[in-house]
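**Student:** Starting from two chains that each stand alone, build the complex the way the hints lay out.
Chains A and B supply the protein sequences, listed in that same order.
Take 1 as the starting number for the first sequence in the working numbering and just add one per residue.
Take 1 as the starting number for the second sequence in the working numbering and just add one per residue.
Simulated from the structure, these hints should not be mistaken for laboratory data.
Accuracy of the hints is not assured; some may be wrong.
[Unchecked claim] Derived pair list, reagent style BS3-like, types lysine-lysine, alpha-carbon separation capped at 30 Å:
| # | chain 1 | residue 1 | chain 2 | residue 2 |
| --- | --- | --- | --- | --- |
| 1 | A | K17 | B | K68 |
| 2 | B | K68 | A | K96 |
| 3 | B | K68 | A | K11 |
[Unchecked claim] Chain B is faced by these chain A residues, among others (derived, beta-carbon under 7 Å):
| # | residue |
| --- | --- |
| 4 | G40 |
| 5 | G42 |
| 6 | L43 |
| 7 | F45 |
| 8 | D100 |
| 9 | T101 |
| 10 | F104 |
| 11 | G105 |
| 12 | P106 |
No residue lacks a Cβ here, since even glycine has one placed at the ideal position from N, Cα and C.
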Amino acid sequence: GAGVSQSPSNKVTEKGKDVELRCDPISGHTALYWYRQSLGQGLEFLIYFQGNSAPDKSGLPSDRFSAERTGGSVSTLTIQRTQQEDSAVYLCASRKDSTDTQYFGPGTRLTVL
Amino acid sequence: KQEVTQIPAALSVPEGENLVLNCSFTDSAIYNLQWFRQDPGKGLTSLLLIQSSQREQTSGRLNASLDKSSGRSTLYIAASQPGDSATYLCAVGRTGFQKLVFGTGTRLLVSP
Chain A
1 GAGVSQSPSN
11 KVTEKGKDVE
21 LRCDPISGHT
31 ALYWYRQSLG
41 QGLEFLIYFQ
51 GNSAPDKSGL
61 PSDRFSAERT
71 GGSVSTLTIQ
81 RTQQEDSAVY
91 LCASRKDSTD
101 TQYFGPGTRL
111 TVL
Chain B
1 KQEVTQIPAA
11 LSVPEGENLV
21 LNCSFTDSAI
31 YNLQWFRQDP
41 GKGLTSLLLI
51 QSSQREQTSG
61 RLNASLDKSS
71 GRSTLYIAAS
81 QPGDSATYLC
91 AVGRTGFQKL
101 VFGTGTRLLV
111 SP
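Bound-form chain B, shown alone (with noise of 0.2 Å):
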């Protein structure tokens, strides 16, 4: 059974900070790899999608990475600024019908 895990859990940066966002799977086997944001109260907005024979993806200030073999994935964010401020969580998704499995999620805050 597939579990993905994120650490850390909770973190909290000053303006301007480059941060990491860590992502953990058990099973190797997948399809696809996204990270999501979640605003309080809000639905999911998907960041980056990286397919399982991609190493990276990059949009604006974010980079995602993926290394299937060690079954991990990084978000990173440069520069960050307080409107990054929200939940991210990472997915999973098998071949097929590409049901996800999300991570237990990450909550960012920035301060001004």
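Chain A on its own, in the form it takes in the complex (with noise of 0.2 Å):
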């Protein structure tokens, strides 16, 4: 079947603009999470989701992330006010209840002028 879906694959934006960040996890995936990928941190957890409870947010960097999860399926991660620090790759994936794995999405390489 088809696996975890990213959009856009890349976004250049300006400082100070609001971005949004699509993911769309396997279907009957229940747990859903977000990282960061960039050149000075390497790859580091963002938030995760799990069905409908509340999600764990400890890894989000500033109030200017957000993200949500409507119907336990697409995910969209919202960054408001975009600063160059927040160009990065940021990767999604998705995980079946009571397994292990994690699958990744492509990831959407955000670049903000």
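**Tutor:** So this is what it looks like as structure tokens:
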């Protein structure tokens, strides 16, 4: 079946603008994760959704970052008032309940000018 | 705080060589450990997952071992091929929702 998809694949924005990144997990996967991969910080966890439970937001770097997951499926990561240090590849992963392997999407490369 | 380190940072070998990639972690209270490969401009592909109760996992030419007590894992690649060229990442999962903490990665180049 289809894997995790993310859109857009590339996003260039100006400093101060808001951006929305989208993730479509594998159908039937209840767990969804957002990670960020940047040159200086490597790959780091941002936020986790599991079913209808409250998300774990412990990895979000500032209150400019937020995410939601509608209907237990599609997720949107929003970055408000983007800064140059937000430039990175944003990766989404999903996992089927009672299993351990996380499946990653191709990522969205965000460039903030 | 869990920290994951991978050595070497980069490795270049001729085709056909057997090689070992190393991963070390500071907190042995892990749930599992995964090895991924990442190709340029692509996402991550899961290669092997070892549960904390296991010692090793094998898939084709790949073998991953886990020694929780010493905080180490190795990924062994047999008879390397140019198609193995990629960045290899190890990641440890904590109990619970399994947030992954990633290592720094090893960039592998296998020349024909």
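**Student:** Which numbered hints does this structure break?
**Tutor:** 1, 3 and 4
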